[in-house]
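All chains should be modelled from the sequences, with the hints used to inform the complete structure.
Residues 1 to 169 (this note's numbering) are what the sequence shown spells out, left to right.
Treat the hints as calculated values from the structure; they're not laboratory data.
Beta carbons: idealized from backbone N, C-alpha and C, even for Gly.
Heads up, some of the hints might be wrong.
Stated by the list, open to error - Simulated restraints, written as ranges between beta carbons of each label pair:
1) S22 with V165: 51 to 61 angstroms
2) G126 with E3: 31 to 41 angstroms
3) S142 with R91: 51 to 61 angstroms
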Amino acid sequence: MTELDQVWSEMIGSATASAARSGNRVALDYLMLRATNDQIRNAGVAWLFDTATGIVAEHMRLRPHLTAESLEPNSFRHGNSNLVGRAMNFRLGVRCLTIEAGWTRTPADGIMRGGSLATARISHFGMPRETALLQLILAEPSPVWVDIDVREPIDSSYFERHFEVLIDA
Numbered sequence: 001m002t003e004l005d006q007v008w009s010e011m012i013g014s015a016t017a018s019a020a021r022s023g024n025r026v027a028l029d030y031l032m033l034r035a036t037n038d039q040i041r042n043a044g045v046a047w048l049f050d051t052a053t054g055i056v057a058e059h060m061r062l063r064p065h066l067t068a069e070s071l072e073p074n075s076f077r078h079g080n081s082n083l084v085g086r087a088m089n090f091r092l093g094v095r096c097l098t099i100e101a102g103w104t105r106t107p108a109d110g111i112m113r114g115g116s117l118a119t120a121r122i123s124h125f126g127m128p129r130e131t132a133l134l135q136l137i138l139a140e141p142s143p144v145w146v147d148i149d150v151r152e153p154i155d156s157s158y159f160e161r162h163f164e165v166l167i168d169a
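And the structure:
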């Protein structure tokens with residue numbers, strides 16, 4: 001958790017306690033929903049990066065020049081919104097696979113489109129056709145990441161394909 005996330009969490013906790021003390025049920029419900037959604041977002045983003053890191057670890061043993069770099073905090077644009085979260089760059093020579101994931105944190109950041117809790121972008125340097133956009137959406141029994149273009153849930157094999165593009169390009 002970054003220092004900004006820590007401060008934000010403390011502010012939300014303080015506002016929640018204040019709303020509970022004052023009996024402001026509307027504010028309390030909103031803040032509790034926000035806290036729950038943030039927990040889901042954090043877990044979803046963690047799964048995304050844990051999965052990618054696990055897959056690249058296998059490739060790194062065979063390719064000592066393959067490197068991974070984590071960036072936190074990271075912000076990126078999606079439409080007119082500014083998303084704040086994490087990023088990882090996987091480099092092999094001049095090739096680079098970047099995975100970014102985040103969500104709007106403040107009203108000035110904009111909105112999350114399409115019922116998304118978080119958004120991720122997977123991009124390959126110099127290969128814009130390989131770019132993919134993902135959304136973390138609520139589903140039963142648990143939230144899932146879906147590819148925006150095909151509207152289908154993804155799994156670890158989705159990342160394998162992107163690492164194959166990085167390695168075999």
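Tested hints:
1. S22 with V165: 51 to 61 angstroms: Holds, since S22 and V165 (Cβ atoms, about 54 angstroms apart) stay within the stated range.
2. G126 with E3: 31 to 41 angstroms: holds (34 angstroms)
3. S142 with R91: 51 to 61 angstroms: For R91 against S142, whose Cβ atoms are near 32 angstroms apart, the range 51 to 61 angstroms is violated.
Hint 3 from the list above is the single one not met by this structure.
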